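Chain by chain, the residues:
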Amino acid sequence: MDYFVLVIAAIFVNNIVLAQYLGNCPFIGTSKESSVAIGMGLAVVFVAAMAAVITWCVQKFLLAPNDLSYLQTITFILVIAALVQFVEMFLKKAVPPLYKSLGIFLPLITTNCAVLGIAIICQREEFTLFETLIFSVASGVGFMLALVVLASIRERLDLARVPIAMKGTPLGLIMAGLMSLAFFAFKGMAS
Amino acid sequence: MITSSVLILLGIGFTAAVILAVASKVLYVYEDPRIAQVESVLAGANCGGCGYPGCAGAAQGVVEGKAGATVCVIGGDTVAANVAAIMGLEFSSMEKQIAFIDCTGGVRAEDIYHYAGVKDCRAQNLLYSGSKMCPEGCLGYGTCVTACQFGAIEMGPNGYPVVDPNLCTACGGCEQVCPRGVITIWGMTARITHLNEVNDCLAPCRQKCPGEINIPRYIEQVSRGDYAGALETIRERIPMPLSIGRVCPHPCEGVCRRGHVDEPIGINMIKRFAADWEMNSGTRQPVSCAPDTGRKVAVVGGGPAGLSCAFFLRRLGHQPTIFESMPKLGGQLRYGIPEYRLPKAVLDWEIEGILDLGIDVEYNKYFGKDFSLNSLAEDGFEAVFLGIGAWMNLNLRIDNEDAEGVETGTEFLTKVGLGMETGIGKKVVVIGGGNTAIDAARTSVRLGADVTLMYRRTRDEMPANIEEIIAAEDETVRYLFLAAPTRIVTDDAGHVTHIEYIKMELGEPDASGRRRPVPIEGSETLIEADTVYTAIGQKPELSCLYDETGSCSLEETRWRTLGADPDTLVTALPHVFTGGDMHTGPALVITALGEGRKAARSIHQYLNEGAPHVPDNLQRELIDYTMFTHVPDVGLRKRPTMPHLIEYDERTCSFKEIEGALSAEDTKHETCRCLRCGLTCYNRDLPEGVDCDAGECLKNQ
Ligand code: SF4
Ligand code: SF4
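Same order as they appear, the protein sequences are chains A and B. Counting from 1, one number per residue, gives the positions in the first sequence under UniProt numbering. Counting from 1, one number per residue, gives the positions in the second sequence under UniProt numbering.
For the record, the hints were derived by calculation from the structure and aren't laboratory data. Worth double-checking, as some hints may not be accurate.
Unchecked claim - With a straight-line cut-off of 25 Å between C-alpha atoms, the simulated DMTMM-like cross-links for lysine to aspartate or glutamate are:
(1) A:Lys167 to B:Asp120
(2) A:Lys167 to B:Glu154
(3) A:Lys93 to B:Glu39
(4) A:Lys93 to B:Glu64
(5) A:Lys167 to B:Asp164
(6) A:Lys93 to B:Glu31
(7) A:Lys100 to B:Glu39
Just so you know, these numbers come straight off a predicted model, no measurement behind them.
Hey, can you work out the whole structure from these sequences and the hints?
Below, the structure written as structure tokens:
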């Protein structure tokens with residue numbers, strides 16, 4: 001049951017983009033087409049899960065014992081960047097079709113604050129390794145959900161007659177704001 | 001503290017560096033440097049119009065050989081040339097493609113949904129599948145206009161999209177968003193190889209034309225004075241507008257929607273006008289051809305089917321050679337159709353234009369004697385088109401059929417066509433009721449004979465065109481209906497003197513729906529004749545397909561024609577195609593021309609893709625719901641009559657062409673009468689009494 005609440009909270013209540021305002025730049029940048037949004041979303045789920053697990057280990061076995069938790073942010077950035085690079089090389093060699101379908105999204109994630117945010121939240125909430133895994137996957141799914149919904153709306157908006165000045169990103173931001181308001185309705189359902 | 005921080009960070013950094021260094025060695029994947037080079041010369045718009053996810057994808061496609069130098073849809077020739085230079089490819093100018101909107105039917109605003117909510121084509125399509133009446137036509141909400149990144153589409157005055165060909169880059173954006181498939185990105189190859197599909201914007205006339213000519217479009221072009229454009233539209237389907245404009249019995253006019261209001265449009269008259277305009281101007285309109293592929297194809301038979309096949313093969317970039325058994329090309333057009341209907345000078349001019357595209361011809365070469373399928377393969381021909389026509393005459397199966405003075409109608413017409421002595425007498429009887437019989441009769445009149453045409457059914461059942469039947473009557477041909485020959489009577493020298501025939505009466509309808517003639521016992525009568533021409537049907541001469549051992553790798557049908565797939569025209573051998581009378585049995589010239597194009601299309605696909613293929617929604621029959629007969633809101637207008645070049649009394653002693661072309665004014669009037677039909681829509685906007693002028697037509701574009 002706890003895990004269920006954890007998942008619901010991560011996807012809807014504390015949605016990483018719409019409630020925590022993390023990862024806004026890829027959110028706006030890659031939400032123009034649903035197919036791209038799905039690709040990006042999957043990549044985030046994948047990387048967020050790996051990054052959270054590895055950073056959990058780094059924190060647990062390296063930083064915490066040495067009393068160096070204040071180095072958390074910089075260490076995590078380093079680890080995530082290296083991890084993404086590695087994953088990219090590995091996929092390119094071992095699973096070329098997956099590498100191709102993830103395409104440019106993997107490198108984009110290197111500097112994605114949503115991934116870093118997920119890793120840090122796991123530490124702040126003092127999750128166990130398994131909880132970390134569940135939470136990171138669910139948060140990734142929440143990111144993907146927001147991305148796909150916005151992409152679908154924007155696809156539709158592309159064909160609508162809107163004032164030129166509002167076309168594209170400005171309207172995208174407004175939509176993101178409205179969506180975020182809508183997600184606030186989940187507040188209080190779980191924490 | 002600081003030391004341990006630094007040490008830990010350096011340690012992590014170093015470990016990550018080592019892992020990545022090792023990984024980059026172990027997991028190294030070679031990447032072709034040309035990908036980056038190609039990407040750098042592409043347009044860089046990442047528009048996706050090429051079908052790849054952005055320019056990087058396109059560059060990879062080029063390097064992997066999946067795409068050609070012309071991959072970039074917006075880069076034009078310069079970009080293509082640069083890509084070709086990097087890849088060491090041969091570059092020839094790319095085919096110009098633009099967005100093409102076929103659905104420009106009449107004013108039919110009332111057919112469009114006015115739903116106040118989600119106003120775009122896709123939403124309308126999902127909610128209501130579009131207009132109330134036409135299941136395929138344009139919805140007019142202009143989704144394509146918003147989708148076009150280059151501003152090349154606008155909503156025209158009637159609320160339907162209009163493409164600006166100069167701005168269109170053929171990126172395909174509009175094609176992707178249009179839910180009705182109204183917009184297609186077309187290049188010449190696509191236009192030539194397209195077959196009518198049930199969801200195309202097909203006016204009744206277009207559905208019926210065996211050549212699949214885009215009739216409303218060329219009529220509209222003529223109405224605007226764009227004769228060259230009209231000819232280009234016609235030549236996407238048939239190579240011989242001059243000949244067809246003269247000899248076609250215009251089946252299209254039979255289903256013309258306007259026929260339900262007053263009289264059908266003179267579709268063929270308009271075609272003839274445009275074709276004559278080109279010939280009289282003395283300059284040929286340019287006909288574009290795709291870059292040479294150097295693939296050799298043999299076309300056996302230089303009749304309409306063969307000429308059409310060769311013409312389109314050439315336009316698709318291949319190298320056809322025509323093998324013709326006669327000293328000149330044209331087949332039945334030259335040797336079967338008399339001079340007064342199709343002057344040889346006109347035919348020659350037309351054929352010269354076709355050959356000028358770069359088609360080789362070998363004259364006096366008999367298939368099965370001078371060359372065979374095997375020898376063609378040895379000579380490097382990768383595919384063969386067989387179109388030798390149907391020249392063998394059916395027999396009457398009566399006594400003395402081979403008497404002197406008895407000949408087949410085609411033999412007679414061929415002799416006249418070749419300018420040979422015919423040996424025609426004074427009293428000629430022609431047996432048969434088709435166009436060949438009429439041609440033989442009218443030709444005999446011109447050679448000074450007294451002609452009777454004997455047919456075993458009535459005038460209503462004659463398969464010949466009604467105009468021809470009347471014209472023959474006007475030229476003093478006598479008809480003897482309900483009479484079947486039973487015996488040829490000869491003199492001592494074996495020369496025909498009389499025909500004995502039996503009178504017939506009409507009985508029950510037979511399988512063809514026509515009432516079967518039955519002989520009246522004891523009604524045998526003699527009719528005097530010193531020359532008899534029989535024209536009761538023809539079939540192809542297939543003996544040339546058999547080798548010395550008497551075997552044949554191709555199949556015959558039960559009608560003794562060459563068997564082939566009706567859509568792809570491929571025979572039992574994958575590299576041998578057929579078309580025209582050899583495949584259909586005696587049929588219209590336009591049918592043969594249409595089959596020639598279909599065969600060229602199949603050969604093109606066979607050469608490029610290994611096998612021909614057809615879409616599964618081909619239009620074969622007339623589409624039922626488009627054949628309504630109530631056509632309201634259209635004013636009456638008179639159809640002009642074809643002018644005659646020579647008068648009746650002069651006609652019977654001269655082979656001069658009889659029919660002339662419409663005047664420019666009459667043609668304009670006639671084009672204005674056209675309703676510019678779509679599947680169910682048509683121009684309703686010509687109220688009764690309003691004069692038809694070109695401005696009206698322009699408005700309805
Ligand atoms: S062409 Fe297609 S997209 Fe454009 S207005 Fe018509 S139905 Fe809509
Ligand atoms: S009115 Fe024009 S478009 Fe309509 S069927 Fe007749 S010729 Fe064709």
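Hint by hint, here is what the structure shows:
1. Only pairs whose Cα atoms come within 25 Å are accepted, and Lys167 (chain A) paired with Asp120 (chain B) is accepted, the gap being roughly 17 Å.
2. Our distance criterion of 25 Å between C-alpha atoms is met by Lys167 (chain A) and Glu154 (chain B), whose separation comes to about 19 Å.
3. Taken as a hint, the Lys93 (chain A) and Glu39 (chain B) pair is honoured in the structure, with Cα atoms around 22 Å apart against an allowance of 25 Å.
4. Straight-line distance between C-alpha atoms of Lys93 (chain A) and Glu64 (chain B) comes to about 18 Å, which keeps the hinted pair within the 25 Å bound.
5. This hinted pair checks out: Lys167 (chain A) and Asp164 (chain B) have alpha carbons roughly 24 Å apart, not beyond 25 Å.
6. Our distance criterion of 25 Å between C-alpha atoms is met by Lys93 (chain A) and Glu31 (chain B), whose separation comes to about 11 Å.
7. About 17 Å separates the Cα atoms of Lys100 (chain A) and Glu39 (chain B), which keeps this hinted pair within 25 Å; it holds.
In the structure shown, no violation is registered for any of the earlier numbered hints.
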